[in-house]
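Residue numbers (the numbering used here), protein chains in the order written: chain A, 137 to 481; chain B, 61 to 153.
Read the hints as simulated data drawn from the structure, not as lab findings.
What you are looking at is a predicted structure, and each value in this text was computed from that prediction instead of being measured.
We put the CB at the ideal spot given by N, CA and C, even for glycine.
One or more of the hints may lead you astray.
[Stated by the list, open to error] Heads up, simulated DSS-like pairs for lysine-lysine below, C-alpha to C-alpha not over 27 Å straight-line:
#, chain 1, residue 1, chain 2, residue 2
1, B, Lys125, B, Lys86
2, A, Lys424, B, Lys97
3, A, Lys178, A, Lys218
4, A, Lys436, B, Lys134
[Claimed, not checked] One side of the interface only, derived from the structure: several residues of chain B facing chain A at Cβ under 7 Å:
#, residue
5, Arg62
6, Ile63
7, Tyr64
8, Asn65
9, Pro66
10, Phe68
11, Val70
12, Ser71
13, Ser96
14, Pro98
15, Asn99
16, Ala113
17, Ser127
18, Ser129
19, Ala132
20, Asp153
[As the list claims (entries may be wrong)] Simulated DEER-style distance windows between Cβ atoms:
#, chain 1, residue 1, chain 2, residue 2, range
21, A, Gln427, B, Lys121, 45 to 55 Å
22, A, Ser423, B, Gly146, 33 to 43 Å
23, A, Trp441, B, Lys77, 25 to 35 Å
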Amino acid sequence: MKDIAEQEVIDLPDMDVEAFNEFATQQGWSDGMPLYIPTEDKVAKFVATVRGDNRPYPPVPPRLVVPTIQALAANAVMAGCKPEYFPVATAAMRGVLDPAYNLHGTLATTHSCAPMVMVSGPVRKELNINCGSNCFGQGWQANATIGRALGLMLLNVAGAKPGEMDRSTQGNPAKFTFCFGENEEDNPWTPYHVRRGFAPTDSVVTVMSGEGPHNLNDHGSNTGVGLLTTFAGGMATPGANTVYGKGPLFIIIGPEHAATLKRDGFTIESMQEELHKRSRVHASRISKENQETYNSTGHKPDGDWYSITPTPQDIHITVAGGPGKHSAFIPSFGGTTVACVRIAR
Amino acid sequence: MRIYNPTFGVSAAAGAKVALKPVNWKTDAIALVSNSKPNARELLDGIRSKLGASRQVDNIKFLAKNSASQPAPKDLLEEVAANYRGALLAIAD
Chain A
137 MKDIAEQEVI DLPDMDVEAF NEFATQQGWS DGMPLYIPTE DKVAKFVATV RGDNRPYPPV
197 PPRLVVPTIQ ALAANAVMAG CKPEYFPVAT AAMRGVLDPA YNLHGTLATT HSCAPMVMVS
257 GPVRKELNIN CGSNCFGQGW QANATIGRAL GLMLLNVAGA KPGEMDRSTQ GNPAKFTFCF
317 GENEEDNPWT PYHVRRGFAP TDSVVTVMSG EGPHNLNDHG SNTGVGLLTT FAGGMATPGA
377 NTVYGKGPLF IIIGPEHAAT LKRDGFTIES MQEELHKRSR VHASRISKEN QETYNSTGHK
437 PDGDWYSITP TPQDIHITVA GGPGKHSAFI PSFGGTTVAC VRIAR
Chain B
61 MRIYNPTFGV SAAAGAKVAL KPVNWKTDAI ALVSNSKPNA RELLDGIRSK LGASRQVDNI
121 KFLAKNSASQ PAPKDLLEEV AANYRGALLA IAD
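Only chain B is shown next, with the shape it has when bound in the complex (with noise of 0.2 Å):
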């Protein structure tokens, strides 16, 4: 018998490929997102103070978007883009 794939789609259109470029993680700015959940800002906090024994910190900023529920707002990703060459983003659940 012949059945329909119920799971089939096309994939989207893929975006414009960026070229990635290295990320110096021991030198280089970095931001430290949190989803907004509880705790996320703790975790931050003691990744910052880890990387702190190997690295600089002066350039290790925190950043939040104001909701878990929602995605990053256009303006957080481009201060993100724009500003950092590396992110690491907290789900703290």
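With the rest of the complex left out, here is chain A (with noise of 0.2 Å):
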């Protein structure tokens, strides 16, 4: 007989999902929250909504197996997923195994990253994307499992097991989930996807490997100039991997601060222009051990100033959240990038 490891479908008595739970944690299958039962019937259900997308997924990394779209749906049935979310769960996974993604890197890695899952287009509405107030947080359904989802096929395809393959130091929250939509109606520029080539019918999914959001609080400043100021400020951090990784990051503007910057005259390029500029680190707030490291590995300073992205487009612009007056910078692994995928419907 074949070890369960082997088995493409399992055989087991029938037991109640408390039972499942302390069987599936046995198994190394869990991240911690309970796990909905992977039957032979949700399975289906789940694996229906994406009949028609036959494109192959290549070996995931670290593990390299090719994952069948049934083992990707167990994943999304024991994340709380509905059927209808997996469309846009199996979208970020492709996303992941894109190789600019380095998703070998980001999951071996001693740092914090997560995968980043931002959804824009019109599922947003027809699922219930949270895109609003609390948008990074809890309280919808969509949001917490799809991101969730993801995780758990990196745990279980991809074989990120904490402590084993996944080596981060310290973790992070966002690795049980984070998956977000883009505010579209109060973005007053470009929706993202657009500006990244989709069209504004087309629903896609964006990933990044990235630290938890870092709030920018400011609600004093009443100008453009003045937000920009405290957003290079709270990017400015001698702390994060892209001082000398030099990847990309996110700035998630609230809609509040968006309208100010907007009113102000200012572009997605002249916003990215500035904020490359202004939030370079200063070599004095970096240590001289770091700054050997950093010079030995090809990280150079320009004159006394390290920029924290190569080019100002590296610095990826939106907008989500509610009212009042915060954004966001998500500092990403370093050696990423941003991945788009068109959620096949």
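Using the supplied hints, reconstruct the complex from the two chains, each of which is provided in its own coordinate frame.
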């Protein structure tokens, strides 16, 4: 008889949810939160939502197995997704499999990074994905379970077991789930996915291996210049990977801040330029030892300043959230990319 | 009840098998490869010094990839494969 790990379908005695969770935990399938049971009939309902999307999956690093769609669906069931969320979760999975995303590195690193999932387009409303108040937080099934489904796929299919393949020193609460919607309705600029070349009617998932959101609180500034001063100051942090890893990052602007910046004439491009210039970290804020390491690995300063992205275009900007004077900075792992995938429907 | 295994997948096709010849650690050329994390080079320096007690060291060379977060680039792997019989990798986190 085959070992359980080698069986696509596993025959188990009938058991309740509590007993199944004990079993799943023993197998190493759990993220520590309760799981739903991936029965054949539930998995079939999920698989039916992606009929027609026959693009093959590549081997998933670090474990390097080619997943079946049923295995991916089993993780989405366990996460508590509704069947109609599954195409979003599989699009996110395809995103992290973009070679430039560097899935192996982002899963095996000691850094705390987790896959950030942003959803754009009409599917946000159809699935009730929260784009407004508390969009990074609790309370919405779609946000909570789509992000969790991706996390479980990475645990179970990719093999990112904490303390084993996943070597993160401290981890990050975003590893449980990190999914939100772009607030296109309150975005005074072009929606992010359209700037990336998709049609406004497309629904798109954007993924980046990032830290959790760092709040950018500014109740006092009434000008765009003032807000960008606060944003740049918050981004200029010597402890983020980006100071030497020089990868992409996200600035998620709250709608009230966005309205002020738009009123003062800022475009996405002018904000990128301004933030790239002003978020540099002065050498005096970086230890001598770190400066020596950065220099020896080719991460040299420009004069006395270390920039935190290779180019202004690596500062990805969009709008999410609800009323209030807050925005957010999401640093990345560094050696990664921001990947977009159209949701097949 | 019957459930789907959330870990199930088909192993990717293995690459062409290469017949490995045994390494003679006393004489063969060896690459000491750093992942560029702090102290990786110091660790490798120490290994080279210790190896010097029992073998020649002029054919033991230091190599490095320039980012700890990225896979080793193809040209580095080709350089190791072409010029060395063995490689020791430093992680040094």
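Hints, verified against the model:
Between B/Lys125 and B/Lys86 the CA atoms are separated by roughly 26 Å; this keeps the pair inside 27 Å, and the hint holds. Between the alpha carbons of A/Lys424 and B/Lys97 the distance comes to roughly 15 Å, so the proposed pair stays at or under 27 Å and holds. With a C-alpha separation of about 10 Å, the suggested pair A/Lys178 and A/Lys218 falls inside the 27 Å cut-off, and the hint holds. Straight-line distance between C-alpha atoms of A/Lys436 and B/Lys134 comes to about 24 Å, which keeps the hinted pair within the 27 Å bound.
With its C-beta approaching chain A no nearer than about 5 Å, B/Arg62 sits inside the 7 Å limit, and its interface hint holds. Here the hint on B/Ile63 is kept, as its CB sits about 5 Å from the closest CB of chain A, short of 7 Å. Interface restraint check: B/Tyr64 against chain A, minimum CB-CB distance 4 Å, threshold 7 Å, status holds. Hint status for B/Asn65: holds, given a least beta-carbon distance of 5 Å to chain A, under 7 Å.
Given the 7 Å rule on beta carbons, the hint for B/Pro66 holds: about 4 Å separates it from the nearest Cβ of chain A. Evaluation of the B/Phe68 hint against chain A yields a held restraint, the C-beta minimum of about 4 Å falling below 7 Å. Because the beta carbon of B/Val70 sits about 5 Å from the nearest beta carbon in chain A, less than 7 Å, this interface hint is met. At a threshold of 7 Å, the smallest CB-CB gap from B/Ser71 to chain A is about 6 Å, leaving the interface hint in force.
Hint status for B/Ser96 relative to chain A: holds, with the closest Cβ pair at about 5 Å, below 7 Å. For B/Pro98, the suggested interface contact is upheld, since its CB lies about 5 Å from the closest CB of chain A, less than 7 Å. The beta carbon of B/Asn99 is not positioned within 7 Å of any beta carbon in chain A (closest approach about 9 Å), and the interface hint is therefore violated. About 28 Å separates the beta-carbon of B/Ala113 from the nearest beta-carbon of chain A, more than 7 Å, and the hint is not met.
Look at B/Ser127: its Cβ gets to within about 6 Å of chain A, closer than 7 Å, so that hint holds up. The criterion of a C-beta within 7 Å of any C-beta in chain A is met by B/Ser129, whose closest approach is roughly 3 Å, and the hint holds. Of the supplied interface hints, the one on B/Ala132 is violated, with its beta-carbon coming no nearer than about 11 Å to a beta-carbon of chain A, more than 7 Å. For B/Asp153, the interface hint holds, since its Cβ comes within 7 Å of a Cβ in chain A; the closest pair sits about 6 Å apart.
The given range of 45 to 55 Å is broken by A/Gln427 and B/Lys121, whose C-beta atoms sit roughly 26 Å from each other. Between A/Ser423 and B/Gly146 the beta carbons are some 35 Å apart, a value that agrees with the proposed interval 33 to 43 Å. A hinted range of 25 to 35 Å is violated for the C-beta pair A/Trp441 and B/Lys77, which are about 50 Å apart.
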